[in-house]
Each structure stands twice: as structure tokens, then as C-alpha cells.
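> Here is what each chain is made of, one letter per residue.
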Amino acid sequence: MRSVRIWFNKTDSAKYISHLDLTRCMIRAFRRTDIPLWYTEGFNPHPHLVFGLSLPLGVEGLREPLDIRLNDDTYPTERVIEQLNSVTVPGIEFLEIAEPINKPLEIHSGKYSVKIPCETSAEELCKTILNTVKNETITYEKKVKKGGFKTINVSEHIKYFTASYNKNEVILTFNLPAGNDFTINPVSFCNALFEKIGKKDMLHRITRHKLLMKDGTEFK
Amino acid sequence: MMLKDKIESILPLVQKPARYTGGELNSVVKNKENVDLRFAFCFPDTYEIGMSHLGMKILYSLINSRDNYWCERVFAPDTDMEEIMRERGIPLFALESRDALADFDAIGFTLQYELCYTNVLNMLDLAGIPLRSANRGDSLDTPIIVAGGPCVCNPEPLADFIDVFEIGEGEEVMLEFLDLLNEYKNSGKTRSEFLIAASKIEGIYVPSLYDIEYNEDGTIKSITAKNGAPDKINKRVVADLDAVFYPDKFVVPFVEVVHDRVVHEIFRGCIRGCRFCQAGFWYRPIREKSVDTISKQSQKLACTSGYDELSLCSLSSSDYTKITELLEELLGWAVPQKINVALPSLRIDNFSDELKEKLSLVRRSGLTFAAEAGTQRLRDVINKNISEEEILETCRKAFVGGWTAVKLYFMIGLPTETDDDVIGINQLSQKVVNEFYNNPDKPKGKSVNVSAGVSSFVPKPCTPFQWEPQDTREELKRKQQLLLETCTSKKITFRFHNTDLTFLEGVFARGDRKLCDVIETAYRNGCTFDSWDDKFKFDTWMNAFETCGVSTEFYANRRRSYDEILPWDHINSGVKKSFLISENEKAKKAETTGHCRQQCAGCGSNILNGGKCDALCKNMV
Chain A
3 MRSVRIWFNK
13 TDSAKYISHL
23 DLTRCMIRAF
33 RRTDIPLWYT
43 EGFNPHPHLV
53 FGLSLPLGVE
63 GLREPLDIRL
73 NDDTYPTERV
83 IEQLNSVTVP
93 GIEFLEIAEP
103 INKPLEIHSG
113 KYSVKIPCET
123 SAEELCKTIL
133 NTVKNETITY
143 EKKVKKGGFK
153 TINVSEHIKY
163 FTASYNKNEV
173 ILTFNLPAGN
183 DFTINPVSFC
193 NALFEKIGKK
203 DMLHRITRHK
213 LLMKDGTEFK
Chain B
44 MMLKDKIESI
54 LPLVQKPARY
64 TGGELNSVVK
74 NKENVDLRFA
84 FCFPDTYEIG
94 MSHLGMKILY
104 SLINSRDNYW
114 CERVFAPDTD
124 MEEIMRERGI
134 PLFALESRDA
144 LADFDAIGFT
154 LQYELCYTNV
164 LNMLDLAGIP
174 LRSANRGDSL
184 DTPIIVAGGP
194 CVCNPEPLAD
204 FIDVFEIGEG
214 EEVMLEFLDL
224 LNEYKNSGKT
234 RSEFLIAASK
244 IEGIYVPSLY
254 DIEYNEDGTI
264 KSITAKNGAP
274 DKINKRVVAD
284 LDAVFYPDKF
294 VVPFVEVVHD
304 RVVHEIFRGC
314 IRGCRFCQAG
324 FWYRPIREKS
334 VDTISKQSQK
344 LACTSGYDEL
354 SLCSLSSSDY
364 TKITELLEEL
374 LGWAVPQKIN
384 VALPSLRIDN
394 FSDELKEKLS
404 LVRRSGLTFA
414 AEAGTQRLRD
424 VINKNISEEE
434 ILETCRKAFV
444 GGWTAVKLYF
454 MIGLPTETDD
464 DVIGINQLSQ
474 KVVNEFYNNP
484 DKPKGKSVNV
494 SAGVSSFVPK
504 PCTPFQWEPQ
514 DTREELKRKQ
524 QLLLETCTSK
534 KITFRFHNTD
544 LTFLEGVFAR
554 GDRKLCDVIE
564 TAYRNGCTFD
574 SWDDKFKFDT
584 WMNAFETCGV
594 STEFYANRRR
604 SYDEILPWDH
614 INSGVKKSFL
624 ISENEKAKKA
634 ETTGHCRQQC
644 AGCGSNILNG
654 GKCDALCKNM
664 V
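These protein sequence lines are chains A and B, in that order.
Read in order, the letters of the first sequence are residues 3 to 222 in my numbering.
Read in order, the letters of the second sequence are residues 44 to 664 in my numbering.
I should point out that these hints are in silico values taken from the structure, not numbers from a laboratory.
The C-beta atom is built at its ideal place from N, Cα and C for all residues, glycine as well.
Fair warning: there could be bad hints in the mix.
Result set (DSSO-like, lysine-lysine): computed pairs, CA atoms no more than 27 angstroms apart in a straight line [claimed, not checked]:
1) K489/B <-> K474/B
2) K59/B <-> K152/A
3) K440/B <-> K557/B
4) K49/B <-> K202/A
5) K49/B <-> K198/A
Just the calculated beta-carbon pair ranges, DEER-fashion [stated by the list, open to error]:
6) I199/A <-> K47/B: 39 to 49 angstroms
7) P387/B <-> D217/A: 25 to 35 angstroms
8) G149/A <-> K631/B: 16 to 26 angstroms
9) F151/A <-> F597/B: 47 to 57 angstroms
Calculated from the model, a selection of chain B residues having no Cβ within reach of chain A, i.e. all distances over 12 angstroms [what the hints assert, rightly or not]:
10) A282
11) C346
12) K487
13) E628
14) L659
Construct the complete structure from the given sequences, taking the supplied hints into account.
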């Protein structure tokens, strides 16, 4: 038995597959291949799958890690990717297989981009957003398990925020905490930001580009 | 904004958006420029329910097996989605292309239960299609609205809304219908020309080609066919289940749906002849699929879907002639592949210990037993040919096997039922509890739970009870109360059906065309998702009946005479009326009819299948 880390992306309409559904979707994908997935040995055997960090519903991921265990040490690793890509669903593509280097618990933040399509006044929107993020405090209410709400101050945690534009769209990039201890949901951030500038429900596309460690290096 | 962008912009705002995105594994996307016909297969309930339905999987794959036709799926949007769609002017769209339904050539609905009728209207309305066939003009540019499924054994309550009904099994008639539509569209024919031609296809019922006259008391005086439509519409029956189309791929949903597994239908029809059961008569004659075909097809499906569960489906799985052989064959490949084989309605006493052990390795579900009635007399009335001893013996075996929970299914409101029969439900449940405590090896410190699901009887068309009055709501409530009052054990829990829902189901099951106005009125006043307890608006329904001047008692609580013309008399299920009458008479005397393999009772349904019935060929030559 050996552990391997698979890197995949989840884009287009696949971003609407919730994390729970993704687990089932992945297990079924493996079952459509000949990949010798290792099953737990309990009364109710199930395959062992660990996702690095769940993607919020509606957010695309360009490089997401999934740890699995293989039963057969001689199974060629490149065949894993090839097999999975032959049975995958639209929007999920398997990129690479590698030895896990870091532990999923070391994930500390994520690097995101947000693309806002706008045919006119992209420059103005870009300026408004930049000013708002620079000068105002952006917060949102988060439901907590005990019931009730907790106020999350995004401005305290957001890093490397940029906003740029071209003739079709405004592009934001930033890092937000993402990990086992503390996570800021980029969807909630965008909703709070757009509400603040009076553009609630503005069409936009959030993408997580990579996961980072505490020292800012890429999770591998 | 284009429709696709509009849809994209609302997806982040609704619950479980993956229900509206499409793109599931094995969903079929074609280039619309390259197909001749586009068919939208609508299930008039939410995605989770519709995606569990086997018939849709079959017809979806069947239509898509033809390169020049494209079938897509459509479900009733959940209330949050609907609200936002209406707010932003987004029409109902199909999942695969995200195109509006109005762009399609035909729109098909499957009618699985009577209480989905307002959802059919709601979906048409969301699609921007006139609700009534009469308002759809005479061009084939407006999609043809077609419907099928078990409810069409009495299609009359929807007669004003549906252009074409497909009566019976759809695997053959669906393509015949589409081929004709394709031909008529290509040659620029009108809608009415098409409908007249369609009515000549065996199994196709075009309600607008039939005139209904009523007597003063509201009963039907005559049903007259026009323009050469047949006087009787014969239900379609597929002759050979081994040869008929079966999908080699299922669309695998992302979100969890009610039945999320490989499903395989092992035979159609039922040999039992329980007199209350519409399916038992409607799906006759018996036709079995071979062990080899079932095994090969389900292995293929497991492989293309990645599902880890295979469920066999039929009206009574243990009556499959080679059930042991089938299970051994299936378990042979399923167990090594870690696939569970699930068997609904299984009688465990038929199997060897070895097989039981194998099954228990893969079985997750608990034990359920449909006793249907509490006393032997009433079980004889309904022709449920099981004895109390058989029920107790099965429970005893289950308790020895380690089960501590048993589900029993009963009905109240059955014809000839007395209070003693109702109390009998309690007595039988108590005997099952006693069996648990009589087991010397019962698990220590564990208690037993007997859960009695008590639903209310609805007389259905095409059954021997089609002439019977349904108990009133008050009477059903009184019987429910009686059960609670006479129950002395905490080990027994009752689950009752909502009597208001049952009542409405009873009205529609045996309704006629006068109900079309009621359905539209109730829909316009806000009724949808009527089968959902939390969304059901009983008062709105009652107001609709009142507004339209339609009496509910006339449909639900009235005894019909044998010579009354029934609203569904022009639909031929194959089972002879004289047979239903003789079964009704036997019921009154609590006389049973043996199952079809003991002695053919001569129901007549084999006539629609060239005289063949798989129940006949086994023991009788």
C-alpha cells in the first residue's frame, strides 16, 4: 500500500459540485477504472480519500490536491492520471500524480482571482473596488455551529490584493486564509464587497489558483 | 443578457445548484444543428425524485440512441429556484443544452402519481407554453405535449392539457411517435393533421379527438371517437424483455438522489392479483427477462456508472422463476467488485442458508413486510394471499438472524373493513413483538421496534375495486385514532398517511375531464408540489372545487354500478371488465383467487401480447 497525491482541477459547471458530492463523484470515477484503490478493512469497507482542502461551492479550483492509497505498489502511477481522465466528468481534469510532500494540515491560505465581466465602465468599477478594499472595512456575518452569527473581518486577513481591468472585465487577485484552523470564504468576501459598492448579484467567476503554506510557499 | 448567462448568474443563489447545471456523467450532449427532433423529457417533481426514475433513464437513452433525435432532461425547479426564475424572466430550460423548452419539438411528461398534476401545469407555464391544448394553435412550431406513465390508465383529468398520451410501455411507441412527428414536421403538416395521424398509432390516445357526453347526474353518457380515432385505445405491451432496448449507461447525478444506484427490472407484471393494486393489473401480462440478459446488462451499467449498488426491481422479486439462479449469478461478480445487491420485496424463506449469508454480506436495508390488512378475512377480501403464520415465521427468522426492527405495511379503508379489522392491525403487530421476545437467542439489552406504516386505501381504475367508494376523510381519521387508542405497546410505532392527500389522490385517480378546470384553478391559486406534505394546500384545493362547482364526493366516495360508463372505459388495459367484476364479487364474499402460476384466472391481458404470458408457460401447457 502506498499513498499518492493526485492534482486535479474543477472548473466550469463542475464548480457547483459540493464537497460532499465531490467525494462520491471521485469514488465512482475510481470505480470506473482499474486503479487498485485501497479500501479500509472494517465491517463496511470504503476507499480512503483525503482532499487537501474543500473548495467552496461555486469556486473553481485550478490545482487541487487529493490523497489516495493504492493497494498495488507496482501499478504505474502515470496510468492513474490516464485512467481517471478517460472516465471523468466535464469540468474535472486530472493533472498530475506525485509523492505527497507537505501534510494537508500545513495548508494556510489560498491564492484566488475573481473575474467580473463588464463591457462598459470597467475602469470605473476597478477604481471603486480598489478604493473600497483599501479604505473600508469589509466584514460579513458567518453562521456558527452553536447557532447565531460571528462577524468576520476580511480586511484584517486579506493579502496581496490587486485589481486590474481590460476592455471586457475587471480582474481581482488576492490571498485569503484557507486551512484547517481558519478560513475566509471568497464567496462571502465577494458578496460583502459587491454589496458594499451597491452591485449585489453581479456576475463573477471566482478561481482558486493554488494553496499556500504559512511561509507563503506553494503546498506540494 | 443571453439565457445561458442569466442561468449562470442565478446558480450561485440557489440551494444545490448541481441540480440545474447538467454535465453529469453520461448525460448526452449533441449539436442541435445536426438533429432533426429535440425532445424534452420532463419529470414533474424535483431532480432528486425524477433522477431516481427508471423509466426516464430507459426512454432518455432510447431516444438518444437515434443520432438524429436529442432527448434532454427537465425537472420541476425547487421553490427557491422557481421564484428567482420568475423574478428574472428565465424560462424553464433543459439541463443538457440550457435551451428554453419552447425551442423543442416535443415535451414529454411522465405521470407517476396523481398529485403531480399541478406541477405539470406549472412547468408548462414556466416554459411559456399555453396550458390548454386548444390554445396552442394549429402549427407544429409549438411543441407537442405528450404524457405517459402509470397514471395514464385514466388520463382524463389532464385531457385538456396534454396533446398526446402514450398508453402503456413506452419503449416502442415513443420512437413511432417521434418518427411520425419528424415526418409531419418535414412535410409542413399542421398540428391537427399530425394529431389525427398519431391517433392511429397503437397505444396513442389523442384526447381532443374524443367527445364526452354527460348524464344529468354527472356520470358519463357516451365517449365518441372522431376523425377515425379508435374507439378503444389498447395499452402498449413490449413482447420480449430480452430483445427490448435497455440502456448501457445511466446518467450519474452529482447530488444525492433518492435511488442512486444501478436498477434492473427483472420482470413486468405480477402473478399475485392483489385486488387493490393497480400496478398488479396494469403491468400484466407477466414477462420475464432472462438471467443472462439481466446479469450482462447490469454488469455493463455498474462498469459505466461506478455505482457500488445494484437493485433489482419488480412488483414481487421473489416470484421471479429463477431468483436463486439469478442471485448466484449476480453475486458471483458483484461481491468481488464490492457491489451490494439489494432486493426489495424479498421473501427470505425461499433461499438456502448459503445464499442468505452471501446476501447479508451485501445487504444494508432492514426487513419490511407488506401485510396490508390486520385480519385474515380482510386479507382474503383483497386477495393478499399470505397467512398470519407466514408473516410471523418470516419475522421469527429475521429476529433469529439478528434484526431488531421490522417494518410492516398496512392499509385502512379497504372495502368491507370493520373496526375489528382495524384493531387487527394492532393485534398482528403485537404478535410480531411477541415473536421477538420468544426468541431464546435475542440480543441482550436490545429492544424491538415494530414500525407499522398505515396508509389509506385509494380505489384505482383498472382494478377490481374501481367501483368501490373510498372512505371519507373523517372515517379514515377515526380509524387512525382507533389504532392509536387500542395500541398498548410502546414497541409499536405508527406512521400514517395524510388523509387530505389520500382524499385528493382518490378524486383524481377516478376523475373525468370536469377536473381539468379544477386543476387549473387550484394551480392558478398557488397549488404546486401537492405530494409534498409541507407544500400541500388543502383549503386552496377545496376552494377550487367549489369555484368550479365540482363535488369531490362524486369522485371519491360514491359507489359506481357495474354498468356505469367509467371515464377510462375507452382505455384498454387488456384485463377484461368481466374479470374485474368477478374479482369484485369474490372480494365481497372474501373468496381468494390463486396466483397466476397455480391456475390462470383468465384476466385476458395476454391478448395484447399475442396470447403470451410468462406465468402461463411454466406449469400449464
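> Determine which of the earlier numbered hints do not hold for this structure and return their numbers in increasing order.
Of the numbered hints given earlier, those the structure breaks are 3, 6, 7, 8 and 11, listed in rising order.
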